[in-house]
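Visitor: Protein sequence lines, in the order shown, are assigned to chains A, B and C.
Note that the working numbering has the first sequence beginning at 1, numbered continuously upward.
Note that the working numbering has the second sequence beginning at 1001, numbered continuously upward.
Note that the working numbering has the third sequence beginning at 2001, numbered continuously upward.
Certain hints may be false.
What the hints assert, rightly or not - The following label-pair restraints were derived from C-beta to C-beta distances:
no.	chain 1	residue 1	chain 2	residue 2	range
1	A	Val104	C	Tyr2267	31 to 39 Å
2	B	Lys1377	A	Leu32	34 to 42 Å
3	A	Leu28	B	Asn1513	29 to 37 Å
4	C	Phe2207	B	Gly1087	36 to 44 Å
5	C	Lys2094	A	Gly102	36 to 44 Å
As the list claims (entries may be wrong) - The calculated EDC-like cross-link candidates involving lysine to aspartate or glutamate, where the alpha carbons are at most 20 Å apart (straight line), are:
no.	chain 1	residue 1	chain 2	residue 2
6	B	Lys1213	C	Asp2160
7	B	Lys1293	A	Asp37
8	B	Lys1440	A	Asp37
9	B	Lys1134	C	Asp2107
10	C	Lys2066	B	Asp1153
11	C	Lys2117	B	Asp1219
12	B	Lys1503	C	Glu2062
13	C	Lys2117	B	Asp1524
14	C	Lys2118	B	Asp1217
15	B	Lys1133	C	Glu2061
16	B	Lys1517	B	Asp1535
17	B	Lys1213	C	Asp2107
18	C	Lys2066	B	Asp1207
19	A	Lys9	C	Asp2160
20	B	Lys1538	B	Asp1524
21	B	Lys1388	B	Asp1411
22	C	Lys2118	B	Glu1407
23	C	Lys2101	C	Asp2082
24	B	Lys1133	C	Glu2059
25	B	Lys1213	C	Asp2082
26	C	Lys2117	B	Asp1207
27	C	Lys2117	B	Asp1448
28	C	Lys2066	B	Asp1217
29	B	Lys1440	A	Asp241
30	B	Lys1095	B	Asp1184
31	B	Lys1215	C	Glu2121
32	B	Lys1213	C	Glu2121
33	B	Lys1133	C	Glu2062
34	B	Lys1503	C	Glu2061
35	B	Lys1503	C	Glu2059
36	B	Lys1218	C	Glu2121
37	B	Lys1213	C	Glu2061
38	B	Lys1304	A	Asp241
39	B	Lys1295	A	Asp37
40	C	Lys2117	B	Asp1217
These are calculated hints, taken from the structure and not from any lab test.
Owing to the predicted nature of the structure, the values given are computational and were not obtained by experimental measurement.
We treat Cβ as the ideally placed atom computed from N, Cα and C, and that holds for glycine.
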Amino acid sequence: MKILKNLLKSPFFVIGMGLFLGTILLALFAPLFYHIDIHSRVGAAYMNPGGKYLLGTDHMGIDMFSLLLEGLRSSLYVGFMAGIIATVIGTSLGVYAGFKGGWVDDFITMVTNLFIVIPQFVILILVSASMKEGRSLSLIAFLIGLTGWTWSARAVRAQAASLKSRDHISLAKVNGVKTVGILLLHILPYLMSYVFMVFIMQTASGILSEASISMIGLGPFDTVSLGTILNQAMRSEALTDGAWWAFIPAMILVTIISFALYLINTSMEGVFNPRLRK
Amino acid sequence: MNIKDYFRPKTLLAGALLCGLISCKSDNSNTTKGEVSFPRNKTLYMAGFQWGEPNTFNPLCDWPAFPVGGNYNLMYEPLMNFNSLNGQMEPLIAKSYQQNDAVISVILDSRAKWSDGTPLSAADVVFTYEIGKKYPAAPTAYVWTYISAVTADTVTDSTSESGKAERVSFTINKERNNPLAVLDHFQAVRIIPKHYIQKQLDNLNGDLTAFQKEKLDKDPVVSGPYTLHSYSGEKIVLKRRDDYWGKVLYQDRLPKPQFIIHPIYKANDHFSIALQQGNLDISSTFIPRIWQKEKQGVRTWYSKEPYFVPAAMTMLFVNVTKAPLNDRNFRRAMAHAINYADVKELAFSQYSPNLEPGLILPFGTEKQYYSEEDVKKYGAKHDLELAKKILKDAGYKSVFNANGELEHMLDPKGQKVPTLSIKSPAGWTDWEAMVQIAVKGMREAGIDIREGFVDASIYFNSLPTADWDLILHAPSVNATPSQPWSRFESVLSSRNWKPVGEKMNENQGRFNNPNDKNYNPKVDSLLKVIPNLSDEQKKLEAYRALNVIFMQEQPTIPIVYRPEQFYEFSIKNWDNFPNENNSYTPPQIPCFGVGIKALWEINSTAK
Amino acid sequence: MLKRYPTLYYISSRAVWYFITFLAAVTINFLLPRLGPANPVDIIMARSASGLDTKTAMEKEEAYLKGFGLVELNKDGSIVRDASGKPVQSPLIKQFFNYVKMCLKGDLGTSFLNYPKKVTEIIAGAIPWTLALQIPTIILGWIFGNILGALAAYKRGVFDGVIFPSALLANSVPFFAFGMLLVYIFALQFNLFPAIGGYAQDLMPAFSWEFLSSAAYYYVLPFFSIFLILAGGQATGMRSMCIYELGTDYIKYAKWLGMKEHKIVFYMFRNAMLPQLTGLALSIGTMVGGALITEMIFSYPGLGMSMLTAIQGNDYPLIQGITLLITVSVLIANFSVDILIGFLDPRVKAGIGSK
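Please construct the entire structure, taking both the sequences and the accompanying hints into account.
Guide: Below is the structure:
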């Protein structure tokens, strides 16, 4: 495919994709090579890295490397789930609003703006804090997706609106194809590349949101994610005692994943919009 | 015009401004000019008592800011204080006390005075206590469960200037008949000024709720050595009163710090950082791995394990109305399964001596009631194999999978036991670690149990209603004259027994239902009798009997010993803080009980 | 008639829309804190009621319920009770109208957790710090980032190749983690900057050189923890916008016309900046989220931490007060930006809708 070839020409895409695939492979296949044990105590609290335990131990003497791998899987899961939910909601609303126009468009735009105006983070905190029991990983992903879709709705809507006036759409209308049909068969395919980019951004944002909400202690209970690792390090005063291995690797992982996703997104932007290319 | 022209002047200017400000920065503590608001060598920084913005300084409010309310003596003072080192009540507003079967009375120090010059008299004491009777919503209302009347009169006193002294007498409530509890609240109730507060109340037609809206934060009428100087969301500043009446108790000396400042931090590690940097002198928070801070000048009472003086226990309360928790063998198996050494080392940073079974502390003032023989015979210690054996003998069967992990457990009837849960507040790191270790041990023994971390508000709400299987709780934490009786009372008493769903403030696990055929009346009768015993031999027998019942029934599972307060200090700016080698007061932060004496003895080492 | 003054039409239509959004936001603000199951009085009682017998505890609870306006009152001020003797809680609608009435009077209620402090008092005391930390940081980050992005777009080449990935990397770092890293490196290890507080702890706030310079010193690390990441984000966004603009027909046309370079750049900048301005207004909303975590890491004075404790403690009045404030600020900021765009964007003047 020509698009793929063009993408591969961009060094940013290659690096970004490489990094991202690397983390996914690590998350998926690491258990085969490394025995992940996040429950057994293997040493003293905050033991230095070295020897068998590459990244030392946490405050309960549990192998930090295992925790990191486990956290990576959870964070990627949340990122993807939140990304999918946000993209689906945002795209559906955006496409419908952009295509229909008129009062439907006005109404959806108003709802979207309402969600934009009340900051996502505040809503996240409020809803998460009100769920005092049973905060699971999936629930957090669901919440993030449910509150983060506004950006994609706006973006997709603009694109759909500009497509509305194209000839093949008018043809389809004349032929009596129902709205849903038009949306699915004639508009969406043109937007696929754009939607995919939106999905990437939402995933990156989902991972960062989960890290933020877990960091202040409103994350999932009984689960290990990169955000909860950071939160635990902060509460057990790891950095103050110099136990950098309890905090910095998790932070680096979150940064790398987000960075990789942003790189992919920008390079795709460059390929799909020729004007952005060099 | 070039783009470069746009930003060069702007960023250069911003940069210059920033550099200018930084280079003119003042030092962390003193400025060069010497115009310092609070000189470091005259200021003591203490933290750990105020969380969040100070709301009010009204002693009749439920949750006033530091140092009003609680056990703080800096502004408002109590009658007497309890010294846990020697077990004696020490004088303050009251010089001495006398006790007989029906009445406990105190003789007041006639030198006591308020900050506006008015003498502190028996009228103030009676007023303070009567407020609790008149307004059931007042913070002192609870004392009326233990007393039935407060009266004042005058007696001859050869030691006082005028030859006379005032006496306040508390009639012990016959129904509760607990003189120890009366003594407890001698140090818990702060005396408030009648002439000022009565007037305010009268202006509001006696409406307490309206009065509680007053903040009393401007030149309050106090009797203590310090008064409120100023406050903000970042700190509370107290200023020394040079006309403090209590000077006479200290050979006419004043406390050394002219200012006491309580900074308000927003994250736990800030206490540790501030201590290490010498910006905080005393803290009462849980700081893990405190020995790593020693080279930064941070000290505790003991220079090695357990670093803090234990005075209470953190325990797992068990809801004994639920199967299989109603089976005493099940409970004892749980107690055998927990690795207490891990709890002490990992969760509690070694801040506790090794845990012994039972409810009596094997050291300090309680040592006289501790029986090693009983503990050996009846106590449950960490023994995984024994735990498994007890379960097996009682008819429980645990099913493990191929990896050695527990699948589920069957009760003696062959039914699957539902997964049990330990409730504990999320975010309290040391408590979370304790629960995790307990769960781990129990699962290895074959008990299907999980951690149930919930938001702190849910935790506080469920504690009294027994809306849980097990819950972590530290009852009766203060070192008071009524220990260890209060600890037994808080764990075993059936006096206010109510079914699950209604609120109980002690024995929340509903042990010993008085309506049940298996009710053991011996427990409550022992609890009723002990406060009135004066014969030490009889007391020892009574405590031993209670402790044996506790160990046999195991209604709660003690997990670790904990101090009354975490007491850690920095020697960078002040020295001569009390510690094990210099124990002129018990390990209390010097705003609290007898610990306040330290304010007179510490010396500034700051320049 | 309005159609003759397109700018006016534009502004008034925006104003109407903002007002509707404001009403909806107020309603949501009221409902959101009440999502949780726990009654705030229950929480307060759980703490204060230990050691009280049942009757006393009940009287105390009633005093609180009454004071917070959560229960129905009879004409004589006593509490209405249902068949089982429990106090009847006011219906939500009634509480809502009560709330609106009080807001219009300027009274945002009394905080539950910080009783008896009033919400307006708590907010007024803390907000100057939040604003002082966030506003300069956001504005400077925005300016610096956009300029950097524009430069990168314009110059391309090596400059772009270095700036772009670095900005992207900066934007990928979770900023709270970055704050903690800064504390670890600069405050703890190298002792260059203070780790805790907004100003030296032995000073009281005052308009003196001493205080201001201390505040500036304590400002550095919190400032950079937000600034760098924000600038990174703005730079990448601006860069994309500018590259897009540079490829448009009118720029090409202007080039061929032989227009001076700096004039072309000026137009490019102005047009690319418009959507960035909207982004700036929106980031006022993220201000509180950012404030919260920065305050936690540095024990910095401000509103964020009060908000978190309020939310965890179901302190309805305080939560409502703060979210109302945030919403109003975001709306005002957006409205101002819309007006600004109305004047700056020539398409509005020409009467073409700029949705």
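Visitor: Indicate, hint by hint, whether the structure satisfies it.
Guide: How the hints compare with the structure:
1. A:Val104 <-> C:Tyr2267: 31 to 39 Å: holds (36 Å)
2. B:Lys1377 <-> A:Leu32: 34 to 42 Å: Given range 34 to 42 Å: violated, Cβ gap about 52 Å.
3. A:Leu28 <-> B:Asn1513: 29 to 37 Å: violated (54 Å)
4. C:Phe2207 <-> B:Gly1087: 36 to 44 Å: violated (54 Å)
5. C:Lys2094 <-> A:Gly102: 36 to 44 Å: holds (38 Å)
6. B:Lys1213 <-> C:Asp2160: Judged against 20 Å, a Cα distance of about 61 Å means the pair is violated.
7. B:Lys1293 <-> A:Asp37: Roughly 31 Å separates the two Cα atoms, so the pair is violated.
8. B:Lys1440 <-> A:Asp37: Between Lys1440 (chain B) and Asp37 (chain A) the Cα gap is close to 13 Å, so the pair holds against 20 Å.
9. B:Lys1134 <-> C:Asp2107: violated (32 Å)
10. C:Lys2066 <-> B:Asp1153: violated (40 Å)
11. C:Lys2117 <-> B:Asp1219: Roughly 19 Å separates the two Cα atoms, so the pair holds.
12. B:Lys1503 <-> C:Glu2062: holds (16 Å)
13. C:Lys2117 <-> B:Asp1524: This hinted pair is violated, its Cα atoms lying about 44 Å apart.
14. C:Lys2118 <-> B:Asp1217: Between Lys2118 (chain C) and Asp1217 (chain B) the Cα gap is close to 15 Å, so the pair holds against 20 Å.
15. B:Lys1133 <-> C:Glu2061: holds (17 Å)
16. B:Lys1517 <-> B:Asp1535: violated (33 Å)
17. B:Lys1213 <-> C:Asp2107: Answer holds: Lys1213 (chain B) to Asp2107 (chain C) is near 16 Å, not above 20 Å.
18. C:Lys2066 <-> B:Asp1207: Roughly 13 Å separates the two Cα atoms, so the pair holds.
19. A:Lys9 <-> C:Asp2160: holds (18 Å)
20. B:Lys1538 <-> B:Asp1524: holds (16 Å)
21. B:Lys1388 <-> B:Asp1411: holds (14 Å)
22. C:Lys2118 <-> B:Glu1407: The hint is violated at about 53 Å.
23. C:Lys2101 <-> C:Asp2082: violated (27 Å)
24. B:Lys1133 <-> C:Glu2059: With Cα atoms ~13 Å apart, Lys1133 (chain B) and Glu2059 (chain C) stay inside 20 Å; holds.
25. B:Lys1213 <-> C:Asp2082: violated (30 Å)
26. C:Lys2117 <-> B:Asp1207: Satisfied, since the Cα-Cα distance of roughly 18 Å is no more than 20 Å.
27. C:Lys2117 <-> B:Asp1448: Measuring from Cα to Cα gives roughly 47 Å; hence the hint is violated.
28. C:Lys2066 <-> B:Asp1217: violated (25 Å)
29. B:Lys1440 <-> A:Asp241: violated (27 Å)
30. B:Lys1095 <-> B:Asp1184: Roughly 16 Å separates the two Cα atoms, so the pair holds.
31. B:Lys1215 <-> C:Glu2121: OK: Lys1215 (chain B) and Glu2121 (chain C) at ~13 Å, within 20 Å.
32. B:Lys1213 <-> C:Glu2121: Satisfied, since the Cα-Cα distance of roughly 13 Å is no more than 20 Å.
33. B:Lys1133 <-> C:Glu2062: holds (17 Å)
34. B:Lys1503 <-> C:Glu2061: holds (13 Å)
35. B:Lys1503 <-> C:Glu2059: holds (15 Å)
36. B:Lys1218 <-> C:Glu2121: holds (17 Å)
37. B:Lys1213 <-> C:Glu2061: holds (17 Å)
38. B:Lys1304 <-> A:Asp241: Holds, at about 18 Å.
39. B:Lys1295 <-> A:Asp37: violated (35 Å)
40. C:Lys2117 <-> B:Asp1217: holds (12 Å)
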